[in-house]
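Number of protein chains: 2
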Amino acid sequence: MLRLIGFDGDDTLWHSEDYYRQANDSFAAIVGRYVDLADAEVHATMLATERRNLALFGYGAKGMTLSMVETAIAITDGRIAVADIHRLVELGKSVLQHPVELLPGIREAVTAVAAEYPVVLITKGDLFHQEKKVEQSGLAELFGRIEIVSEKNPATYRRVLAEFELPPEQFAMVGNSLRSDIEPVLRLGGWGVHMPYHVTWSHELDHGLGADDAQRMLTVDAPVGIVAAVAELAARAQG
Amino acid sequence: MLRLIGFDGDDTLWHSEDYYRQANDSFAAIVGRYVDLADAEVHATMLATERRNLALFGYGAKGMTLSMVETAIAITDGRIAVADIHRLVELGKSVLQHPVELLPGIREAVTAVAAEYPVVLITKGDLFHQEKKVEQSGLAELFGRIEIVSEKNPATYRRVLAEFELPPEQFAMVGNSLRSDIEPVLRLGGWGVHMPYHVTWSHELDHGLGADDAQRMLTVDAPVGIVAAVAELAARAQG
Chain A
1 MLRLIGFDGD
11 DTLWHSEDYY
21 RQANDSFAAI
31 VGRYVDLADA
41 EVHATMLATE
51 RRNLALFGYG
61 AKGMTLSMVE
71 TAIAITDGRI
81 AVADIHRLVE
91 LGKSVLQHPV
101 ELLPGIREAV
111 TAVAAEYPVV
121 LITKGDLFHQ
131 EKKVEQSGLA
141 ELFGRIEIVS
151 EKNPATYRRV
161 LAEFELPPEQ
171 FAMVGNSLRS
181 DIEPVLRLGG
191 WGVHMPYHVT
201 WSHELDHGLG
211 ADDAQRMLTV
221 DAPVGIVAAV
231 AELAARAQG
Chain B
1 MLRLIGFDGD
11 DTLWHSEDYY
21 RQANDSFAAI
31 VGRYVDLADA
41 EVHATMLATE
51 RRNLALFGYG
61 AKGMTLSMVE
71 TAIAITDGRI
81 AVADIHRLVE
91 LGKSVLQHPV
101 ELLPGIREAV
111 TAVAAEYPVV
121 LITKGDLFHQ
131 EKKVEQSGLA
141 ELFGRIEIVS
151 EKNPATYRRV
161 LAEFELPPEQ
171 FAMVGNSLRS
181 DIEPVLRLGG
191 WGVHMPYHVT
201 WSHELDHGLG
211 ADDAQRMLTV
221 DAPVGIVAAV
231 AELAARAQG
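As they're listed, the protein sequences go chains A and B.
First residue of the first sequence: 1, per UniProt numbering; consecutive thereafter.
First residue of the second sequence: 1, per UniProt numbering; consecutive thereafter.
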């Protein structure tokens with residue numbers, strides 16, 4: 001029996017990755033005037049800086065911006081113009097200020113699921129930015145609770161479910177990331193509705209789901225499929 | 001009757017503002033080689049940039065660092081060297097990486113309070129950074145719950161207390177900031193133990209407490225005074 005349905009935020013309720021992609025493209029255009037980004041050594045320096053900074057800054061636009069500034073200085077050996085560094089900061093601000101645009105049909109899907117189950121929003125990233133997005137989305141009142149977390153791993157879901165005093169077998173998570181939304185929940189014994197977004201951050205592509213997991217998850221193309229998928233998982237959980 | 005005691009994190013459990021002060025001093029030393037920071041116009045530009053960015057970035061070291069970079073570019077009219085911008089990014093990283101040093105006696109104080117009441121940690125700022133500090137503090141296991149919030153206002157405390165299903169009259173908060181830890185809790189009808197830190201961020205100095213509030217709060221010099229202060233407030237809450 002399912003007793004709680006979780007929804008992811010970025011790229012499940014509202015568009016997000018597109019804005020990061022645009023910022024990355026602009027970053028490449030700016031530093032591409034100084035260095036050849038196709039050069040293997042440049043690329044390696046860039047990846048190493050980003051990876052090191054992700055561990056220090058965590059997810060989100062502010063960390064990405066600081067990392068872009070540092071990476072740009074590193075790969076240009078300090079030759080980048082100050083005006084271009086200012087452009088990188090403005091890029092980060094534009095990601096923080098982008099309008100919150102809901103995926104078509106998601107409001108109706110969440111409303112329909114919320115009519116049958118308590119729903120919780122579990123979103124990852126920068127606390128301040130996520131709170132603003134939740135508020136601007138106009139969906140906040142549909143969710144009984146909103147959890148903003150720094151990482152979506154089994155420990156995080158275990159903590160959230162403990163606060164609801166709910167065994168994972170009674171929980172299903174809806175989201176676009178196999179790595180963050182589906183795999184950790186299945187590992188605990190829960191259920192997943194995967195709704196792929198049209199672009200996925202490379203970091204989120206890394207997951208360990210296999211054929212054995214098919215029974216506990218369903219994939220939908222768009223929000224309109226969520227209600228039926230939840231009902232199907234509820235039937236399986238019953239059986 | 002008191003039934004829950006909250007503790008603030010930064011400058012209540014562990015040192016924090018000192019590191020921000022040091023970063024600010026270093027920032028002033030770096031940009032001071034380009035402009036006269038005592039100049040009224042420079043100072044006004046700096047404050048305006050910081051205030052605008054606080055609304056966009058929220059609290060914390062990452063937002064502060066981005067703001068320092070932007071402010072430095074603005075007040076030097078872009079004359080700042082790229083190497084100095086890199087130094088500013090490194091300053092921000094040093095704040096994120098500083099060791100977590102507990103205030104003397106705070107572990108004993110939290111342990112003693114936790115022996116008599118459920119205790120919750122309510123800390124403001126960057127989610128990722130605060131989680132790391134909580135973990136490094138070694139105090140996490142003393143707290144039944146840890147709430148990391150983006151702003152400490154009456155609405156935040158109301159939400160947290162609602163999750164505990166507790167009326168504010170049964171809650172006391174221990175912290176160094178009158179603005180963030182004491183005033184909003186007193187406004188809801190709760191109780192406060194104010195433990196001033198030796199430095200206070202100017203932003204936190206702004207509060208609206210008056211003589212009428214004296215009955216619902218106590219001030220202590222150091223962690224060793226917390227247990228007695230909580231006991232005294234508990235007696236008042238009883239009466």
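Take these hints with a grain of salt, some might be off.
Copies of the same chain look alike in the list, so a pair counts if it works inside one copy or between any two.
Stated by the list, open to error - Restricting the straight-line Cα-Cα distance to at most 16 Å, the calculated cross-link-like pairs of lysine to aspartate or glutamate (EDC-like) are:
1) 132 to 151
2) 93 to 50
3) 93 to 169
4) 93 to 18
5) 93 to 165
6) 132 to 204
7) 132 to 165
8) 93 to 232
9) 132 to 108
10) 93 to 17
11) 132 to 25
12) 132 to 39
13) 93 to 36
14) 132 to 101
15) 93 to 77
Rather than coming from a laboratory, the hints here were simulated on the basis of the structure.
Consistency of the hints with the structure:
In this assembly of identical chains, residue 132 and residue 151 lie within 16 Å of each other by CA distance solely across copies; the values are 12 Å between and 19 Å within a copy. For the homomeric pair residue 93 and residue 50, the shortest alpha-carbon distance between copies (14 Å) is at most 16 Å, but the shortest distance inside one copy (18 Å) is not. Proximity of residue 93 to residue 169 under the C-alpha cut-off of 16 Å is found in neither arrangement, the shortest distances being 41 Å within a copy and 41 Å between copies. For a Cα distance limit of 16 Å, the shortest separation of residue 93 from residue 18 inside one copy, 15 Å, qualifies, whereas the shortest one across copies, 28 Å, does not.
Taking CA atoms no more than 16 Å apart as the test, residue 93 paired with residue 165 passes in neither setting, with 39 Å inside one copy and 38 Å between copies. When the C-alpha separation of residue 132 and residue 204 is checked against a cutoff of 16 Å, the pair qualifies neither within a copy, at 23 Å, nor between copies, at 22 Å. Taking identical chains as interchangeable, the C-alpha atoms of residue 132 and residue 165 are never at most 16 Å apart, the minima being 28 Å within one chain and 26 Å between chains. Taking the shortest Cα distances, residue 93 and residue 232 never come within 16 Å of each other, neither inside one copy (42 Å) nor across copies (48 Å).
For the identical chains of this complex, residue 132 and residue 108 are neighbours neither inside a copy (21 Å) nor across copies (38 Å), given an alpha-carbon limit of 16 Å. For the homomeric pair residue 93 and residue 17, the shortest alpha-carbon distance inside one copy (15 Å) is at most 16 Å, but the shortest distance between copies (26 Å) is not. In this assembly of identical chains, residue 132 and residue 25 lie within 16 Å of each other by CA distance neither inside one copy nor across copies; the values are 25 Å within and 31 Å between. Taking the shortest alpha-carbon separations for residue 132 and residue 39, neither the intra-copy value of 39 Å nor the inter-copy value of 36 Å comes in at or below 16 Å.
Taking the shortest Cα distances, residue 93 and residue 36 never come within 16 Å of each other, neither inside one copy (26 Å) nor across copies (28 Å). Proximity of residue 132 to residue 101 under the C-alpha cut-off of 16 Å is restricted to the intra-copy arrangement: shortest distance 13 Å within a copy versus 32 Å between copies. In this homomeric assembly, residue 93 and residue 77 never come within 16 Å of each other (Cα to Cα): the closest approach is 25 Å inside a single copy and 20 Å across copies.
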